[in-house]
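K.L.:
Since the structure of chain A is already known, use the hints to place chain B on it.
There are 2 protein chains.
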Amino acid sequence: MRGQVAIAGAGCVKVGEHWERSALDLAAEACLKALEDAGNPRVRAVYVGNAASELLNEQGNLASLLADALALESVKAVEVRAGDASGALALHQACLDVLAGVGREPILVCGVEKITDVLAPEAERIQMLFEDARSTFHSGVTIPGLCALLTRLYMERYGASYEDLVALAVNDHKNAAGCPHAQFPFPITVEAILNSPLVADPIRLLDTPGFGDGAAALVLAEADEARRLNDSPVRILASEVVAGRMNFCEREDPLTIPSLREAAKRALAAAGLGVKEVDFFELHNTTSVVGALALEELGLAERGEGWKLISEGRIALGADWPVNTMGGLKGRGHPWGATGTYQAVEAVLQLRGEAGKNQVNGAEVGLAHNMCGLGSVSCVHVFARWEVKA
Amino acid sequence: MRGQVAIAGAGCVKVGEHWERSALDLAAEACLKALEDAGNPRVRAVYVGNAASELLNEQGNLASLLADALALESVKAVEVRAGDASGALALHQACLDVLAGVGREPILVCGVEKITDVLAPEAERIQMLFEDARSTFHSGVTIPGLCALLTRLYMERYGASYEDLVALAVNDHKNAAGCPHAQFPFPITVEAILNSPLVADPIRLLDTPGFGDGAAALVLAEADEARRLNDSPVRILASEVVAGRMNFCEREDPLTIPSLREAAKRALAAAGLGVKEVDFFELHNTTSVVGALALEELGLAERGEGWKLISEGRIALGADWPVNTMGGLKGRGHPWGATGTYQAVEAVLQLRGEAGKNQVNGAEVGLAHNMCGLGSVSCVHVFARWEVKA
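Heads up: the sequence lines are chains A and B, in that order. Position one of the first sequence corresponds to residue 1 (this note's numbering), numbered consecutively onward. Position one of the second sequence corresponds to residue 1 (this note's numbering), numbered consecutively onward.
Bear in mind the hints are in silico, worked out from the structure with no lab data behind them. These numbers were taken from a predicted model, which means no experiment stands behind them. Some hints could be false.
Remember, identical chains collapse to one label, so a pair may be satisfied in a single copy or spanning two.
As the list claims (entries may be wrong) - With a straight-line Cα cutoff of 25 angstroms, these simulated SDA-like cross-link-like pairs (lysine to any residue) come out:
{"hint": "1", "residue 1": "Lys308", "residue 2": "Pro202"}
{"hint": "2", "residue 1": "Lys357", "residue 2": "Glu277"}
{"hint": "3", "residue 1": "Lys389", "residue 2": "Gly101"}
{"hint": "4", "residue 1": "Lys389", "residue 2": "Gly103"}
{"hint": "5", "residue 1": "Lys174", "residue 2": "Phe211"}
{"hint": "6", "residue 1": "Lys265", "residue 2": "Ser74"}
{"hint": "7", "residue 1": "Lys265", "residue 2": "Ala71"}
{"hint": "8", "residue 1": "Lys265", "residue 2": "Leu70"}
{"hint": "9", "residue 1": "Lys276", "residue 2": "Ser74"}
In isolation and in its complexed conformation, chain A is listed as follows (with noise of 0.2 angstroms):
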């Protein structure tokens, strides 16, 4: 990519239990709200980014009935499916056929889930369907699960304590409290964290995401056809797609990410830019410990040495590399299949100054990484204001 994408318009539902409301009514609200950002252009194409609307709504087909439902005629439907990367991959397929040249009008782009059409142990059922059948689903082991073996591995091998990870939650929920479409936004401690349920050992209730439905859309387009739409679209620099061994105990090292590693090498080299040059970052971070490898995939911090950038407060607001800045998969939300689209979103208001209280100062280039799973699919996106060209 050579940056000759860019978004013109974005918008979202807040996050959280919508009892009342269908996987479409959420995906159409985010819909009408990016639409009417870029100035109600028509669009050619609709791309859906869904985890699993057939097994937690009983309806599939999300992408033709959404543009039925936003009565857009004729126009092409597309659903893509990663489980909570489906977002981010919607996003980057938008991309390709904007690049590819088939035709000049703008595209929608959504990514949305409803989870709470069913109870928690049968979202957590489905939620391992992504991963690999053969050696964890029939084990009967959760993400949560197997984030708790990653982070006593974690602990033990480089010396952190739990609270030293979890500082990363204190973190996005401190920024959620600013966000307004977040699903949490109020503060807790790292002693809330430590006095909440045990999920597994060592993973507490409070380091998890919760489960919560969302929808957050975009309209994409060439870059200079959304300049037209849109006084300050934000660019999209790189969009890079890498998937990894499924299994982390088949990886080299069960702590490490390499779809990550790979994805944010190509997409930095396809901006042109160092990974220190990037203003903000928004992480998938299914737990904390996630989000300490996280930081070190990316090249922040060395191999082992991710909770210290964590527990010293330098991924703040404010501080050397703020992350999550909107909140995060814990503080705003982790509705699967729309994540990747949120942190599009976020990475908008930030790169237009939109971004209230929250606001990066001086935001001039974000990157997001969305993945399925513990990085069977890794997505990395660098976003950055119009007047920074790679």
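P.N.:
Using the frame of chain A, we list chain B on its own:
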């Protein structure tokens, strides 16, 4: 699209009841065949089309698993989903990836479905998840049930008999008899159809596709690159995806498939061809009536006269407009997410002159239509011999 994408390799497994093999096994076999056909190039991405593996096989995330199974390190992995149009949709997205110019190495595309892990009533339930739950799923109607309504209306309005229509199923089985990968490689008669069990009046069992497992794969590349890999690459002159009103009762006329009409119009325009310049057609004949409607939407017959082309045998091999040259949904089989890629593999065989006794003499251009349900999404591809340029 301006003809810059071509197919450098193709392969598939025989459609059937593969009790002893997983979706991943089938996909891997098809991919290995396609890769071998292209000279085993290094690929940079894997696209998978699959309708419902989480529900059918308790295993999602097939694209990432497939990359791993094929020992493809750090490639892009993308899964797309549009019910039984998933295969052609994966092909479309892979075409965009080639055209976007983000990489030179070829791309692997695989459509796969393993249906027989569940019993037929559950398969029928899952199939309906791609229709609108608000109006059809919860009413208990099935796809053959919807086709029965269309068939009754078609017969009444246009004066066709059921015998006239099911001549398409007879055509399909006749062609399937010469197809090495067909699920039902034997001829049937109109009498056999009329004597087979009633599924949904007037639809008979032998007028509906069976449930079968299968996988078909392609290696795509930019045209010149494809030519370096294979002496006889097949060009993709056009790839169009269009969404339409899901419920046919909400269409202006229920006896239409507007998504097909529009996709075919765009595809033929992109290819610079009239429909009568196409040498053969792979159609998505869920039941025979849908084949009649498709002939009308393509412009091969006037509205209400598609059945005449069928009953007069003008769609046979060697006749005016050969349809479903390798058996179509009825004869080759219809493994949902794989069907679109089977159509493409069959087009490759025809255009390379490798279709054996089913060869369409002098075939230069073929068109394939793959759709979700009864037209909520239509994908139309136009394929051509290397020597033909758009």
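K.L.:
Next, verify each hint and record whether it holds.
P.N.:
Comparing the hints with the structure gives:
Taking CA atoms no more than 25 angstroms apart as the test, Lys308 paired with Pro202 passes inside one copy only; the shortest distance there is 19 angstroms, against 71 angstroms between copies. Taking the shortest alpha-carbon separations for Lys357 and Glu277, only the intra-copy value of 22 angstroms comes in at or below 25 angstroms, while the best inter-copy value is 63 angstroms. Proximity of Lys389 and Gly101 under a CA criterion of 25 angstroms is satisfied in both settings, with 20 angstroms inside one chain copy and 19 angstroms between copies. In the homo-oligomer, the alpha carbons of Lys389 and Gly103 lie at most 25 angstroms apart both inside one protomer (23 angstroms) and across protomers (21 angstroms), since each shortest distance falls under that limit.
Taking the shortest Cα distances, Lys174 and Phe211 sit within 25 angstroms of each other inside one copy (19 angstroms), while across copies they are farther apart (53 angstroms). Proximity of Lys265 to Ser74 under the C-alpha cut-off of 25 angstroms is restricted to the inter-copy arrangement: shortest distance 12 angstroms between copies versus 38 angstroms within a copy. Proximity of Lys265 to Ala71 under the C-alpha cut-off of 25 angstroms is restricted to the inter-copy arrangement: shortest distance 21 angstroms between copies versus 40 angstroms within a copy. With identical chains, the CA atoms of Lys265 and Leu70 are at most 25 angstroms apart between copies only, with a shortest distance of 23 angstroms across copies and 38 angstroms within one.
For the homomeric pair Lys276 and Ser74, the shortest alpha-carbon distance between copies (24 angstroms) is at most 25 angstroms, but the shortest distance inside one copy (44 angstroms) is not.
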